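K.L.:
We have chain S already, so just place chain R on it with the hints.
Top line first, the protein sequences correspond to chains S and R.
The numbers in the numbering used here rise by one with no breaks, and the one at position 46 of the first sequence is 46.
For the numbering used here, count along the second sequence from 1 and bump the result up by 111.
Check each hint, because a few of them may be wrong.
Output of the computed footprint for chain R on chain S, the stretches with three or more beta carbons under 8 Å from beta carbons of chain R [said to hold, decoys possible]:
#1 57 to 66
#2 75 to 82
#3 94 to 102
Estimated spans, in silico, between C-beta atoms of each pair [said to hold, decoys possible]:
#4 R:Ser149 / S:Asn53: 32 to 38 Å
#5 R:Gln178 / S:Thr69: 40 to 46 Å
#6 R:Gln128 / S:Asp39: 29 to 35 Å
#7 R:Leu172 / S:Pro40: 38 to 44 Å
Honestly, the hints are just simulated from the structure, not real lab data.
Because the structure is a prediction, the values reported are computed rather than measured.
Glycine included, every Cβ here is placed at the ideal spot set by N, Cα and C.
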Amino acid sequence: SQKIEQNSEALNIQEGKTATLTCNYTNYSPAYLQWYRQDPGRGPVFLLLIRENEKEKRKERLKVTFDTTLKQSLFHITASQPADSATYLCALDEGTYKYIFGTGTRLKVLA
Amino acid sequence: DSGVTQTPKHLITATGQRVTLRCSPRSGDLSVYWYQQSLDQGLQFLIQYYNGEERAKGNILERFSAQQFPDLHSELNLSSLELGDSALYFCASSESGGDPNEQFFGPGTRLTVL
Numbered sequence: 001s002q003k004i005e006q007n008s009e010a011l012n013i014q015e016g017k018t019a020t021l022t023c024n025y026t027n028y029s030p031a032y033l034q035w036y037r038q039d040p041g042r043g044p045v046f047l048l049l050i051r052e053n054e055k056e057k058r059k060e061r062l063k064v065t066f067d068t069t070l071k072q073s074l075f076h077i078t079a080s081q082p083a084d085s086a087t088y089l090c091a092l093d094e095g096t097y098k099y100i101f102g103t104g105t106r107l108k109v110l111a
Numbered sequence: 112d113s114g115v116t117q118t119p120k121h122l123i124t125a126t127g128q129r130v131t132l133r134c135s136p137r138s139g140d141l142s143v144y145w146y147q148q149s150l151d152q153g154l155q156f157l158i159q160y161y162n163g164e165e166r167a168k169g170n171i172l173e174r175f176s177a178q179q180f181p182d183l184h185s186e187l188n189l190s191s192l193e194l195g196d197s198a199l200y201f202c203a204s205s206e207s208g209g210d211p212n213e214q215f216f217g218p219g220t221r222l223t224v225l
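Isolated chain S, as found in the complex (with noise of 0.2 Å):
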């Protein structure tokens, strides 16, 4: 079955720096990834989905990357804020609308 891989260390990053996160997947490649922003004790927020045909998709300064060859997907926050500071998911549907999401990447960022 597919499996996400997300970088289960904390990510330690000055403000004003580009954040980048990681997200691989085991099998085929899905038709579309996303991610999502999660705060302590509350439900995740979506920020962004990138189909397996586009190479990239920009919103504000954020930025996702889909290589289907790596079978990997980055994920970039420029000009990062304190306020950035959330642990991230990486979710695709495993087919037949079962979802799958990672563990997740803990960021802060330091004033």
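P.N.:
For chain R alone, kept in the frame of chain S given last:
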């Protein structure tokens, strides 16, 4: 505020008991999803309903069941509770059950089994 409501916010109960978690999706959303999130497991997909019908089943235990009612609200029933069932339970909704789907998550119900 995502527009998805979940009740109750917190639930404390004992092993062996049965509880019901309730979810109201965003207005107009036909799909409802249930997830379990524990510290060591991450967000686990349990089940999806679309317009009253079960559409997909994930890692849902036989002790758990769910349904979606004609008014589109959903309930997740957990029975014969065990300590390991303690977790955050999230409900999410989306416009349809098709691809792709942005899911809107509720605030969650924190279940503690003592």
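K.L.:
Each hint needs a verdict: does it hold in this structure or not?
P.N.:
Right, here's what the structure says about each hint:
| no. | hint | in the structure |
| --- | --- | --- |
| 1 | 57 to 66 | violated (count 0) |
| 2 | 75 to 82 | violated (count 0) |
| 3 | 94 to 102 | holds (count 7) |
| 4 | R:Ser149 / S:Asn53: 32 to 38 Å | 35 Å, holds |
| 5 | R:Gln178 / S:Thr69: 40 to 46 Å | 42 Å, holds |
| 6 | R:Gln128 / S:Asp39: 29 to 35 Å | 30 Å, holds |
| 7 | R:Leu172 / S:Pro40: 38 to 44 Å | 26 Å, violated |
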